[in-house]
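Numbering follows my numbering, in which position 91 of the sequence shown is assigned residue number 91; successive positions increment by one, without gaps.
Derived from the structure by calculation, the hints contain no laboratory data.
A couple of the hints might just be wrong.
Restraint ranges, calculated between C-beta atoms of paired labels, are given here [said to hold, decoys possible]:
1) Pro14 / Leu82: 21 to 27 Å
2) Gly35 / Gln104: 18 to 24 Å
3) Asp88 / Asp15: 47 to 53 Å
4) Ile87 / Asp7: 37 to 43 Å
5) Asp91 / Asp25: 26 to 32 Å
6) Ser13 / Gly118: 39 to 45 Å
7) Ala43 / Ala109: 36 to 42 Å
Just so we're clear, the structure is a prediction, and the values are computed from it rather than from any experiment.
Glycine is no exception: its CB is placed at the ideal position from the N, C-alpha and C atoms.
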Amino acid sequence: MTKRGFDLPPKASPDVIAQRHELADAVCRELLRAGLPAYRGDADGGPYTGPGAEAHLDPLVGGAVFVDWNSSGELTRAAIDLFEKGIDPSDPPAVFRHYGTVHQNMRDALLAILRSAGFEAEEADPHTHGGAIRVSGFRH
Numbered sequence: 001m002t003k004r005g006f007d008l009p010p011k012a013s014p015d016v017i018a019q020r021h022e023l024a025d026a027v028c029r030e031l032l033r034a035g036l037p038a039y040r041g042d043a044d045g046g047p048y049t050g051p052g053a054e055a056h057l058d059p060l061v062g063g064a065v066f067v068d069w070n071s072s073g074e075l076t077r078a079a080i081d082l083f084e085k086g087i088d089p090s091d092p093p094a095v096f097r098h099y100g101t102v103h104q105n106m107r108d109a110l111l112a113i114l115r116s117a118g119f120e121a122e123e124a125d126p127h128t129h130g131g132a133i134r135v136s137g138f139r140h
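Assemble the whole structure, with the sequences as input and the hints as a guide.
Spelled out as C-alpha cells, the structure:
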C-alpha cells in the first residue's frame with residue numbers, strides 16, 4: 001500500500017504492452033482500410049486534435065486497446081460551449097443532440113467494422129471509458 005492509503009493498479013508486463021501496441025496498430029490499419037481517419041493517440045508524436053478514430057492502449061493489468069471517435073473541433077467546441085453554459089437535459093439544443101448522435105453512431109459503426117475485421121471488440125465501461133470501444137484481441 002502507498003502512503004496515500006491505496007494501491008495503484010499494477011502495470012501489465014512488457015510483453016503484454018508490446019502486444020497491445022501491435023493490436024492498436026492493427027486497429028488503426030483496419031480502420032484506415034475501411035476509409036476512416038484513424039491514429040494512435042498515445043504514439044503519434046504528441047496529441048492530435050483532428051477528427052477521426054483515436055486508438056490508445058491501457059498499460060494496466062486487465063487493460064486493452066480503446067478506440068474513441070473525435071468529431072471536428074468545430075462541432076466539439078459548439079457542444080462544449082453549450083454544455084458549459086448549462087443545458088436542460090430534458091430538452092438539449094439541436095447542436096448538442098447532434099454531437100451525441102454523431103458519437104453514438106460512429107461508436108456503433110466502429111464497433112461493427114472492428115468486429116467484421118476479426119477483432120474482439122465491445123463497448124467499454126461507460127463509467128471509466130465514456131463512449132469508447134474496448135478491443136482485447138483478435139477472434140480466432
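Structure-based check of all given hints:
Take proline 14 and leucine 82: their Cβ atoms lie about 44 Å apart, and the range 21 to 27 Å is violated. Checked against the hint of 18 to 24 Å, the C-beta distance between glycine 35 and glutamine 104 comes to roughly 20 Å, which is consistent with it. A beta carbon spacing of about 50 Å between aspartate 88 and aspartate 15 agrees with the range 47 to 53 Å that was offered as a hint. With their beta carbons about 39 Å apart, isoleucine 87 and aspartate 7 fall inside the hinted range of 37 to 43 Å.
Against the hinted window of 26 to 32 Å, the Cβ-Cβ separation of aspartate 91 and aspartate 25 comes to about 43 Å, which falls outside the hint. Between serine 13 and glycine 118 the Cβ separation comes to about 24 Å, which falls outside the hinted range of 39 to 45 Å. Between alanine 43 and alanine 109 the C-beta distance comes to about 24 Å, which lies outside the given range of 36 to 42 Å.
In this structure, the hints that do not hold are numbers 1, 5, 6, 7, in rising order.
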